[in-house]
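Going down the list, the sequences are from chains S and W. So the first sequence is residues 1 to 209, counted in the working numbering. So the second sequence is residues 1 to 339, counted in the working numbering.
Simulated from the structure, these hints should not be mistaken for laboratory data. Even for Gly, the Cβ is constructed at its ideal location relative to N, Cα and C. A couple of the hints might just be wrong.
[To be verified] Per label pair, the in silico range of CB-to-CB distance:
#1 G307/W <-> L193/S: 30 to 40 Å
#2 H114/W <-> C115/S: 31 to 41 Å
#3 L308/W <-> L166/S: 27 to 37 Å
#4 L193/S <-> L325/W: 20 to 30 Å
#5 P28/W <-> C115/S: 54 to 64 Å
#6 C115/S <-> A224/W: 37 to 47 Å
#7 W230/W <-> L191/S: 34 to 44 Å
#8 P70/S <-> T65/W: 17 to 27 Å
#9 G307/W <-> P70/S: 52 to 62 Å
#10 L191/S <-> H114/W: 11 to 21 Å
#11 I199/W <-> F164/S: 27 to 37 Å
#12 G307/W <-> Q109/S: 26 to 36 Å
#13 G113/W <-> K201/S: 20 to 30 Å
[To be verified] Only pairs whose alpha carbons sit at most 27 Å apart, straight line, appear in this in silico DSS-like list of lysine-lysine:
#14 K226/W <-> K333/W
#15 K201/S <-> K20/S
#16 K61/W <-> K201/S
#17 K203/S <-> K20/S
#18 K328/W <-> K226/W
#19 K203/S <-> K61/W
[As the list claims (entries may be wrong)] Some chain W residues flagged as far from chain S (calculated, every beta-carbon gap over 10 Å):
#20 P7
#21 R13
#22 L217
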Amino acid sequence: MSSQPLQASNMEQLLEGIWKQNPVFVMALGMCPALAVTVSAFNALGMGLATTFVLICSCTLISMLRRFIPREVRIATYIVIIATFVTLVDYIIQAVSLALYEALGAFIQLIVVNCIILGRAEAHAAKNPPLSAMVNALGMGIGFTIGLFALGSVREILGAGKLFGLSLFGEHFQPWVVMVLPPGGFFVLGLWLLFFAWLAKRKEAQHGA
Amino acid sequence: MQLRASPHLHSGRDVPTIMRHVVYALLPICAFSIWQYGLSSLALIVTVTLSCLAAERISNKLSGTVNTLSDWSATITGVLLALTLPPAFPLWMGTVAGFSAVWLGKSLFGGLGHNAFNPALVGRAFVQAAFPTAITTWAPAFAPQRFTEFIPSTLTLPLMQPNDISAWVAANMVDGFTGATPLARWKFEHFVYPVQDMITGAASASTGETSALLLVLCGLYLIARKFMDWRIPVAVVGSALLLALAFRLFGGDEYPPVHLVLLSGGLMLGALFMATDMATSPVSPRAVWAYGAIIGVVTILIRYFGGLTEGVMYAILFGNALAPLLDKYLQPKVFGARR
Numbered sequence: 001m002s003s004q005p006l007q008a009s010n011m012e013q014l015l016e017g018i019w020k021q022n023p024v025f026v027m028a029l030g031m032c033p034a035l036a037v038t039v040s041a042f043n044a045l046g047m048g049l050a051t052t053f054v055l056i057c058s059c060t061l062i063s064m065l066r067r068f069i070p071r072e073v074r075i076a077t078y079i080v081i082i083a084t085f086v087t088l089v090d091y092i093i094q095a096v097s098l099a100l101y102e103a104l105g106a107f108i109q110l111i112v113v114n115c116i117i118l119g120r121a122e123a124h125a126a127k128n129p130p131l132s133a134m135v136n137a138l139g140m141g142i143g144f145t146i147g148l149f150a151l152g153s154v155r156e157i158l159g160a161g162k163l164f165g166l167s168l169f170g171e172h173f174q175p176w177v178v179m180v181l182p183p184g185g186f187f188v189l190g191l192w193l194l195f196f197a198w199l200a201k202r203k204e205a206q207h208g209a
Numbered sequence: 001m002q003l004r005a006s007p008h009l010h011s012g013r014d015v016p017t018i019m020r021h022v023v024y025a026l027l028p029i030c031a032f033s034i035w036q037y038g039l040s041s042l043a044l045i046v047t048v049t050l051s052c053l054a055a056e057r058i059s060n061k062l063s064g065t066v067n068t069l070s071d072w073s074a075t076i077t078g079v080l081l082a083l084t085l086p087p088a089f090p091l092w093m094g095t096v097a098g099f100s101a102v103w104l105g106k107s108l109f110g111g112l113g114h115n116a117f118n119p120a121l122v123g124r125a126f127v128q129a130a131f132p133t134a135i136t137t138w139a140p141a142f143a144p145q146r147f148t149e150f151i152p153s154t155l156t157l158p159l160m161q162p163n164d165i166s167a168w169v170a171a172n173m174v175d176g177f178t179g180a181t182p183l184a185r186w187k188f189e190h191f192v193y194p195v196q197d198m199i200t201g202a203a204s205a206s207t208g209e210t211s212a213l214l215l216v217l218c219g220l221y222l223i224a225r226k227f228m229d230w231r232i233p234v235a236v237v238g239s240a241l242l243l244a245l246a247f248r249l250f251g252g253d254e255y256p257p258v259h260l261v262l263l264s265g266g267l268m269l270g271a272l273f274m275a276t277d278m279a280t281s282p283v284s285p286r287a288v289w290a291y292g293a294i295i296g297v298v299t300i301l302i303r304y305f306g307g308l309t310e311g312v313m314y315a316i317l318f319g320n321a322l323a324p325l326l327d328k329y330l331q332p333k334v335f336g337a338r339r
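Looking at chain S on its own, in the form it has when it is part of the complex (with noise of 0.2 Å):
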């Protein structure tokens, strides 16, 4: 596969997940894990892996036996396919880092009800070739992890003034207690919504004139 260079259309699939498409900035899908586990940028980035390594394993494999799942049955056997790679993520996570299991909670096994990879799974793994299928996961996953990213650094540098548990501003820092709570997880989201929405109209607004 990989000695095959990708084609345009690939390189778009793959930018419009990032960017485009991007499922947190621009779609606002799996809003759960972005507001519950982005307290720190290392959480985040778990999340964010975690979430991309299941999305493309699960995506390619459905892609591969989209010939062969009925129609009537084909949510059921997503979530089968899903929940095996969660299950298999779930102890990669325990074994590599008992810590972010333990940060992550809950929400590493919530990864099956994650609508974003239920939603590729179903718009376009089930209609395309396995490797349009895998470069789309990519993307998506690769979006996700930034969405994530942006929103866990933010929290994390203002809630506790560090940045991947590496201390910024020294030990007087003030930590703002709102960004580790809920709410500070909602402020931020939207703060980076509307940077997101502020520039895609500044976009426009060139294009027009």
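Dock chain W against chain S, hints included.
Just chain W, lined up with the frame of chain S:
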């Protein structure tokens, strides 16, 4: 023949006029707080007001709308917000409060008149959630050095924890300073603050809420000039008073004496200057009474049964949220129409 749309009779008053008079009414309160807390209070009021104005200007620029600085609303937001903060609040936190007040409380909703919540209280609620310790750290009033030096925590470096003020308090020889507000001392020690201290401003409190008497006088000015709906403060204070009286009569010493409820904390400041915000309060008389009563009752409930010692801020924000609903269901009957 000339045709013109209503209203045909106009009092000649516009938003900037009303807002300007509210600022006039707030000036004596600012002056009193500067007399009490000195440089720190002055710096806080100026900083918070300037940051509100800057936030307003920036959002004007970003959204490409007209310059709205001259309608005085950002000035009021800034002054009111500063008056609700503790006198020795670090200036950088005051700036955060000012920007969040204007941006979260007003600009995001579409500017003056479109905001659902009182911007000053949104700013205060944000910093209360962000810096819960700093916003409950009180400085003593009438310290001898207050006009020559800042209270140390005022000049904290940006993003840093407030400087410790205990050494400054000790050096200034302020007798019997406990750092707790009358409401907090009742809640945690069942200590009844002397009425005299609460009227003269010697009790710990936010910058502008120390003298209930002065607040009432300034409010009366606005009511007399008809710049404010008198029903709102009457309903807020009246309902709080009645409920507090009922608790005191039937509940006994469990509950604080009534003067504590009236004179301490921000009840007067909130009832007179924040609950009466025209954009966030109901319009029709019955809705206004209900709105005021809800704020008064919720204030007392939070103070008596909640984890916080002061409940005026959340009570008013709660009232703001209900205001459109109250207006909808308590509309006055149209003359001659049946319900």
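Hints versus structure:
| no. | hint | result |
| --- | --- | --- |
| 1 | G307/W <-> L193/S: 30 to 40 Å | holds (32 Å) |
| 2 | H114/W <-> C115/S: 31 to 41 Å | holds (32 Å) |
| 3 | L308/W <-> L166/S: 27 to 37 Å | holds (35 Å) |
| 4 | L193/S <-> L325/W: 20 to 30 Å | holds (27 Å) |
| 5 | P28/W <-> C115/S: 54 to 64 Å | holds (57 Å) |
| 6 | C115/S <-> A224/W: 37 to 47 Å | violated (59 Å) |
| 7 | W230/W <-> L191/S: 34 to 44 Å | holds (39 Å) |
| 8 | P70/S <-> T65/W: 17 to 27 Å | violated (57 Å) |
| 9 | G307/W <-> P70/S: 52 to 62 Å | holds (56 Å) |
| 10 | L191/S <-> H114/W: 11 to 21 Å | holds (19 Å) |
| 11 | I199/W <-> F164/S: 27 to 37 Å | violated (54 Å) |
| 12 | G307/W <-> Q109/S: 26 to 36 Å | holds (33 Å) |
| 13 | G113/W <-> K201/S: 20 to 30 Å | holds (23 Å) |
| 14 | K226/W <-> K333/W | holds (24 Å) |
| 15 | K201/S <-> K20/S | holds (13 Å) |
| 16 | K61/W <-> K201/S | holds (15 Å) |
| 17 | K203/S <-> K20/S | holds (13 Å) |
| 18 | K328/W <-> K226/W | holds (24 Å) |
| 19 | K203/S <-> K61/W | holds (17 Å) |
| 20 | P7 | holds (36 Å) |
| 21 | R13 | holds (35 Å) |
| 22 | L217 | holds (36 Å) |
Violated hints, listed in ascending order, are 6, 8 and 11; each of the other numbered hints is respected by the structure.
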